[in-house]
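J.: As given, the protein sequences belong to chains L, P, V and E, one line each in that order. Counting in the working numbering, the first sequence runs from 1 upward without gaps. Counting in the working numbering, the second sequence runs from 1001 upward without gaps. Counting in the working numbering, the third sequence runs from 2001 upward without gaps. Counting in the working numbering, the fourth sequence runs from 3001 upward without gaps.
Just so you know, these hints were derived from the structure itself, not from any lab. The model shown is predicted, which means the values in this text are computed figures rather than measured ones. Ideal Cβ placement from N, Cα and C applies to all residues, glycine included. Any given hint could be a false lead.
Some chain E residues close to chain L (C-beta under 7 angstroms, calculated; not the full set) [to be verified]:
| no. | residue |
| --- | --- |
| 1 | Phe3014 |
| 2 | Trp3074 |
| 3 | Pro3093 |
| 4 | Val3095 |
| 5 | Trp3125 |
| 6 | Val3139 |
| 7 | Ala3143 |
Now the in silico label distances, taken between C-beta atoms and shown as ranges [what the hints assert, rightly or not]:
| no. | chain 1 | residue 1 | chain 2 | residue 2 | range |
| --- | --- | --- | --- | --- | --- |
| 8 | V | Ser2015 | E | Thr3028 | 19 to 29 angstroms |
| 9 | V | Gly2136 | P | Ala1034 | 24 to 34 angstroms |
| 10 | P | Ala1045 | V | Glu2051 | 13 to 23 angstroms |
| 11 | E | Gly3064 | L | Ala34 | 29 to 39 angstroms |
| 12 | V | Gly2044 | L | Thr50 | 55 to 65 angstroms |
Simulated crosslink set (DMTMM-like; lysine to aspartate or glutamate; CA at most 25 angstroms straight-line) [to be verified]:
| no. | chain 1 | residue 1 | chain 2 | residue 2 |
| --- | --- | --- | --- | --- |
| 13 | E | Lys3127 | L | Asp31 |
| 14 | V | Lys2151 | V | Glu2128 |
| 15 | E | Lys3121 | L | Asp31 |
| 16 | L | Lys15 | L | Asp58 |
| 17 | V | Lys2127 | P | Asp1031 |
| 18 | V | Lys2121 | P | Glu1073 |
| 19 | V | Lys2121 | P | Asp1031 |
| 20 | L | Lys51 | E | Glu3150 |
| 21 | L | Lys51 | L | Asp40 |
| 22 | V | Lys2121 | P | Glu1017 |
| 23 | V | Lys2151 | V | Glu2061 |
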Amino acid sequence: MRALYFAWIRERIGKAEEEIVVPETVVTVADVIAWLSGKDECYAAAFESTKSIRAALDRTHARHDAPIAGAREIAFFPPMTGG
Amino acid sequence: MRALYFAWIRERIGKAEEEIVVPETVVTVADVIAWLSGKDECYAAAFESTKSIRAALDRTHARHDAPIAGAREIAFFPPMTGG
Amino acid sequence: MDPAAIVRVQAEPFSIEAEIARLTRGRTDLGAVVTFTGLCRDEGGALAALEIEHYPGMAEEEIGRVVAEASARWPLEGVVVVHRYGEILPGDPIVLVVTAGRHRGEAFAAASFLMDYLKTKAPFWKKEHRRGAVPGDWVAAKAEDDAAAEKWRG
Amino acid sequence: MDPAAIVRVQAEPFSIEAEIARLTRGRTDLGAVVTFTGLCRDEGGALAALEIEHYPGMAEEEIGRVVAEASARWPLEGVVVVHRYGEILPGDPIVLVVTAGRHRGEAFAAASFLMDYLKTKAPFWKKEHRRGAVPGDWVAAKAEDDAAAEKWRG
């Protein structure tokens, strides 16, 4: 699936998007966060404050316990500060 | 004092303003209304529904029981419908 | 410092952007601008025109008092109120309120308050001229407008 | 019929009057138009510029969902939302909401609701570039914005 990163999450990871292939044990948004955090210290730093991470599945806000099954795009970002 | 009339009060009386000299027994706004109503049937028609009459003394909203002493201008109009 | 307060009563149309610019030009401390424009609404296509009568002098003074009341209630950085009189055609603007503040809360609240109060306190009266009908009818004041103004009390 | 709903995400500035005209042109059934403009505010003169990042595609879709929610709650006759991204200088406009209705109540309520929801749901992030400071700081979300959105529930 396509993973997108925004704002300081993007900056810490060092890229705006990438293709990820998660193992079958990764079922929810929270699982993706945990799995990405284990990749290296940049990802770990990006996701260290789990409470500050918002996610979207196929461009719709998703809770951390939402299943990712079927989604083609997952995005991670801090709380919104537009408007 | 100067008396001003607006909207349907003006139309019923047939003039927009006039100089009035009230007797000493006329003390409040309500007294002015009663006194004007007695002038002729046009004034009587203009002021027949006392509840629908608003007044201002020197360009400030005034209740019917407000004393007119010292005012140079008194105005009568229906409830406002601007905005 | 009192906020900039601009009150005008005029026959001419107004430019919303020009009125906003009076409050915002050259400033970088404003976060929120709210405008309300009241339009001449034609219910059912029978209205030929509105004729708006006003009490010259008192209209400006009374709007000024309502603006002062709003400025006392909220930390505003600027207010514009423009109210038209004379003949107004369906679809044309009648009244404009602009409020500027540091945050959106005060700008929204003050604009809404100003309109509720102007409706019941500013000395303007509307007469409806309907197609084919002579003479026109004075618009009756609405109880809901009194209620809207009343809700800001206490 | 659904009201006219126009949502745009763009780098360019916008014209408030042009956006209002999209909703009002040729119509005589509207009584009220409310606009909200959010400006880039510089607290204390230290801000050089804001940089606004957004999630292309989701930004438009999410604003569209918020507009649909507002249209379901109030009898609106038209809505415009324009949100900018990229570099924004102090004093420049960031976001515009326009609501049109027959009466002022729904136009005010919907514009206020839209702003409260856009703040917490539309995927935009602000970075502040301060004079002399490198790099900039991401603006932290405000608890008061969450509370403002929360008050419309239930």
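J.: All the hints need checking, so say for each whether the structure fits it.
T.: Cross-check of the supplied hints:
| no. | hint | result |
| --- | --- | --- |
| 1 | Phe3014 | violated (15 angstroms) |
| 2 | Trp3074 | violated (19 angstroms) |
| 3 | Pro3093 | violated (12 angstroms) |
| 4 | Val3095 | holds (5 angstroms) |
| 5 | Trp3125 | holds (4 angstroms) |
| 6 | Val3139 | holds (4 angstroms) |
| 7 | Ala3143 | violated (10 angstroms) |
| 8 | V/Ser2015 with E/Thr3028: 19 to 29 angstroms | holds (20 angstroms) |
| 9 | V/Gly2136 with P/Ala1034: 24 to 34 angstroms | holds (30 angstroms) |
| 10 | P/Ala1045 with V/Glu2051: 13 to 23 angstroms | holds (21 angstroms) |
| 11 | E/Gly3064 with L/Ala34: 29 to 39 angstroms | holds (32 angstroms) |
| 12 | V/Gly2044 with L/Thr50: 55 to 65 angstroms | holds (58 angstroms) |
| 13 | E/Lys3127 with L/Asp31 | violated (29 angstroms) |
| 14 | V/Lys2151 with V/Glu2128 | violated (28 angstroms) |
| 15 | E/Lys3121 with L/Asp31 | holds (23 angstroms) |
| 16 | L/Lys15 with L/Asp58 | holds (19 angstroms) |
| 17 | V/Lys2127 with P/Asp1031 | violated (29 angstroms) |
| 18 | V/Lys2121 with P/Glu1073 | holds (18 angstroms) |
| 19 | V/Lys2121 with P/Asp1031 | holds (23 angstroms) |
| 20 | L/Lys51 with E/Glu3150 | holds (18 angstroms) |
| 21 | L/Lys51 with L/Asp40 | holds (20 angstroms) |
| 22 | V/Lys2121 with P/Glu1017 | holds (21 angstroms) |
| 23 | V/Lys2151 with V/Glu2061 | holds (23 angstroms) |
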